[in-house]
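Novice: Residues per chain, in single letters:
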Amino acid sequence: GENVEQHPSTLSVQEGDSAVIKCTYSDSASNYFPWYKQELGKRPQLIIDIRSNVGEKKDQRIAVTLNKTAKHFSLHITETQPEDSAVYFCAASIGYGNNRLAFGKGNQVVVIP
Amino acid sequence: ETGVTQTPRHLVMGMTNKKSLKCEQHLGHNAMYWYKQSAKKPLELMFVYSLEERVENNSVPSRFSPECPNSSHLFLHLHTLQPEDSALYLCASSTGRGAAANEKLFFGSGTQLSVL
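Keeping their order, the protein sequence lines are chains U and D. With the working numbering, letter number 48 in the first sequence gets 56, and the count goes up by one each step, no holes. With the working numbering, letter number 23 in the second sequence gets 187, and the count goes up by one each step, no holes.
Warning: the hint list may mix true and false statements.
What the hints assert, rightly or not - So the derived list for chain D, only partly shown, Cβ under 7 Å to chain U, looks like this:
1. K268
2. F271
3. V279
No lab work stands behind these hints, which were simulated from the structure alone. Please read all numbers here as calculations on a predicted model, not as lab measurements. Even for Gly, the Cβ is constructed at its ideal location relative to N, Cα and C.
Only chain D is shown next, with the shape it has when bound in the complex (with noise of 0.2 Å):
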């Protein structure tokens, strides 16, 4: 295990559902992140909290919605969502104070959500 723990591991919706992801890392890390993996494309940044404080939102549409209380916890809630939202969502941690693209990522085991 890396330290960084995802749940659910499978989420299945419909779109007038409201979800939410929950990611929780145990590494001391600062920064904390949201990406989504879909099939056959690169790996998406959604947003990045560094200590606590979102510094990018990587133009994601607003029914998609993080929520980081501290440093240890990051949410992302979920509501009237569209099928082609259904994707593997992978959170991530990082040390560092400035969430720096040279931070070794370490990720969790991902949600694969299913919209309907």
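Here chain U stands alone, though its shape is the one from the complex (with noise of 0.2 Å):
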């Protein structure tokens, strides 16, 4: 079945830095990687995917590559903020037709005022 890696599990920035998610992925047939941020205490919500036709997608100081020659894609968030603190999960369609999700570990994210 499908293995999709988080790194690093937890990263501290400085307010204002940038951060960077990395997940990997094995199943090449994967077209669909969604990113959910989590805040402590609330639920999962969407903040941003690519599908496997486009290699960079961007929505203002958030952004998604892909790379899926090397199957992996990132997260970048630019000029952090208090508010970006949470736990961020990524996710691969997987499954007969790429009907399903496969979520990793989820990455904790602080970022330090």
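Put the two chains together into one complex; each comes in its own frame, and the hints tell you how they fit.
Specialist: Given below as structure tokens:
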């Protein structure tokens, strides 16, 4: 089955600096890669996603890059703010017709004021 | 609020108890999901219902029994659970008709379950 790995498990950054979280996946047929953000005590929420026909996607301070050859994709957060502190989950589509998601274990990002 | 409501927020039960978790979505979505969230582990898909029909049972133990009476309501019936079943149980919904992977998931706040 699909194996989605996230690195690092915990990341601390100074406010204003950039944060980068990397995910690797094992199934070369995966074609959809979302990122979910979960603040402490709150529900996960989709923040950005990318499909395999695109190499990069940006939404304000958040961007995602995809390297299909190496089978990894990364979340980039620029000009980090305290409200960016959360657990970030990556996922990759799996299954027949890519109809399911496999999630990673999550990265704890801490933005230090 | 995202329109997905779960009750109760917290539940403590013994291994011989029977309880149910409830989820309701007010978004007009066609698919609903149960996920299990354990510390330091990936989100684990338990069940998917699309248009009230269960499309997948991800090898979940039979002590977990889902019920979807209509497209807006989803239940998870629990009986004779084990301590290792303690976790946050998240309900989610998505639009579309096939519960496809590329549909945005709208999560509820979850039920924090403790099995003693």
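Novice: Each hint should be assessed against the structure and marked as holding or not.
Specialist: Cross-check of the supplied hints:
{"no.": "1", "hint": "K268", "verdict": "holds, 5 Å"}
{"no.": "2", "hint": "F271", "verdict": "holds, 4 Å"}
{"no.": "3", "hint": "V279", "verdict": "violated, 21 Å"}
In this structure, the one hint that does not hold is number 3.
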